[in-house]
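Participant: Each chain is listed here by its residues.
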Amino acid sequence: MVRPTAQVVALSAGEAVLGLLIEQSGNSYQLERRLEARFGSAQFAHGTAYQAVKRLSKQGLIRALDGDQSITAARAEASGLPATAYEATAAGVEHFDHWLQASTSMPPVREELLAKISFCAPEDLPRMIEIVREAELACMAQLEGLGERTRRARRLAGNDEWRRLMGIIVSSGDAAWWDARIKWLQALRQYLQREGQRFQAGTGPPASGPASSLPRI
Amino acid sequence: MSVLSLTEVCLSFSRGRRHVVPVLINVSLQVDAGEVLAVLAQRAQGKTSLLRVAAGIQQPNRGRVSFEGEDLWGFSDRRRSRLLGSQIGWVGPAVPDLDVPMLANVALPLFAVYGKREAYARAMAALERVGASECSEQFWGSLADWERALVALAQGIAREPELLLVDDLTISLGLGEAEEVTRLLDRLAKEQGFGVLMCVSDASATGWSGRVATLAGGELLETPRLPARQGNIIDFPGAGSGARDPRHGISS
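Sequences listed follow chains A and B, in order.
Mapping to our numbering: the first sequence position 215 is 215, numbers consecutive.
Mapping to our numbering: the second sequence position 137 is 137, numbers consecutive.
By construction, these hints were calculated from the structure, which means they are not laboratory data.
One should not assume that every hint holds.
To be verified - Residues from chain B that face chain A, not an exhaustive set, calculated with beta carbons under 8 Å:
#: 1; residue: Q42
#: 2; residue: Q87
#: 3; residue: E179
#: 4; residue: A203
#: 5; residue: S204
#: 6; residue: A216
#: 7; residue: G217
#: 8; residue: L221
Unchecked claim - Cβ pair distances, simulated, as ranges:
#: 9; chain 1: B; residue 1: W73; chain 2: A; residue 2: E111; range: 43 to 53 Å
#: 10; chain 1: B; residue 1: E128; chain 2: A; residue 2: P107; range: 42 to 52 Å
#: 11; chain 1: A; residue 1: E161; chain 2: B; residue 2: S172; range: 17 to 27 Å
#: 12; chain 1: A; residue 1: W162; chain 2: B; residue 2: G131; range: 18 to 28 Å
#: 13; chain 1: A; residue 1: R133; chain 2: B; residue 2: S76; range: 32 to 42 Å
Unchecked claim - Residues of chain A clear of chain B, computed beta-carbon distances all greater than 10 Å:
#: 14; residue: G19
#: 15; residue: E94
#: 16; residue: L100
#: 17; residue: Q101
#: 18; residue: A102
#: 19; residue: S118
#: 20; residue: E123
#: 21; residue: D124
#: 22; residue: G158
#: 23; residue: N159
#: 24; residue: W162
#: 25; residue: A176
#: 26; residue: W178
#: 27; residue: Q190
#: 28; residue: Q200
We put the beta carbon where it would ideally sit given N, CA and C, even for glycine.
Whole structure, please, built from the sequences with the hints as guidance.
Facilitator: Put into structure tokens, the structure is as follows:
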């Protein structure tokens, strides 16, 4: 059995872009769109696919379909020529298979919000409650985006039934992540609100009450 | 104009003489024609109370509930109760009272308004619209959970409401099924132009609706409405507008 590594293994854009190219060749712009549709929750920065294409080409894992005459998407737009499409090389396919078969490890929980709660004083509670509310809203924005992304991913999957099925599993995994997160934030917010009121009323120090004062989940 | 509009609605229940449980605190929301607002809340957080207030069944302690711009509590009791079932449809995971085939089950509430023949015709049309015409001859006991959800949906839309209130319809559905049902709801709302207020206890059921709000501790939270977000391909929702999620461990 492989022991889980202590090393952080988060999804890298490189592997994601490589996988997309193995599925179907395409130019950087198309890859950027497909990356966003398939892995929107990862919130890769603008232009991630462009950077990944450069890096993967340098590593010899992908190559331009029309030889060395690579035309960037921006230049293609200016010149009216089609942007360079890329495909995976044999080394790229091998690298990707290796990645797919390798064990994954869970990223550590390095939650800034938890650290803030851990350090906050009673007088910080109103701001902490506000921060929790902001985090809830951010999760909701992600959920709202998920529907549109799923729609786009499904359009890109076309008639591929297997890809469609995997897409459903991935999008419900995404939703489950945001669901758990929102539920915990809601419980946390109610707990902080209740403790803040108790503290103001002088009926006891905050956060030192019995566990039974936790809101029902 | 919004189909449904709640303005600073407060609702609380008293438990005994001294204890008051606040259920809704200054809740404001709007549902326009053709759109779906999904409210995500856990159990005992006021989901059904919110729907009852929207339906005009429960009068709030404070605040205004408007249906198509008119104050619901300004109506006579008779008019308000007639609204529910005709212009306001209710969809919930309730077991039917009578053990009859699903076509009759959907048609029965329509008998009060239409003749028998038209009631059956409308019921069949509603079942067809949700893609459940195969269930018309079947009994409740022989239906799968997702078929039951479709039949409940058919019942809700049979009288062509302007507002559909949906109470945790997808609660017992499996992976992908909840998504299919909410996608259907979204499509029907757009095609037929009714507004939907949908309460769900699981985020996977919000996947296809355009707007998501949460209800916890009596407080309704909703993301600001940004019309530019829809159809924008490159901009990630929430990214770049300061609303980044607090998740870590993802590198690019």
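Participant: Please go over all the hints and tell whether each is borne out by the structure.
Facilitator: Cross-check of the supplied hints:
no.	hint	verdict
1	Q42	holds (6 Å)
2	Q87	violated (27 Å)
3	E179	holds (7 Å)
4	A203	holds (3 Å)
5	S204	holds (4 Å)
6	A216	holds (4 Å)
7	G217	holds (4 Å)
8	L221	holds (6 Å)
9	B:W73 - A:E111: 43 to 53 Å	holds (45 Å)
10	B:E128 - A:P107: 42 to 52 Å	holds (48 Å)
11	A:E161 - B:S172: 17 to 27 Å	holds (26 Å)
12	A:W162 - B:G131: 18 to 28 Å	holds (24 Å)
13	A:R133 - B:S76: 32 to 42 Å	holds (40 Å)
14	G19	holds (15 Å)
15	E94	holds (23 Å)
16	L100	holds (19 Å)
17	Q101	holds (21 Å)
18	A102	holds (17 Å)
19	S118	holds (15 Å)
20	E123	holds (21 Å)
21	D124	holds (17 Å)
22	G158	holds (18 Å)
23	N159	holds (17 Å)
24	W162	holds (14 Å)
25	A176	violated (7 Å)
26	W178	violated (5 Å)
27	Q190	violated (4 Å)
28	Q200	holds (17 Å)
Hint compliance for this structure: hints 2, 25, 26 and 27 are not met, and every other hint is.
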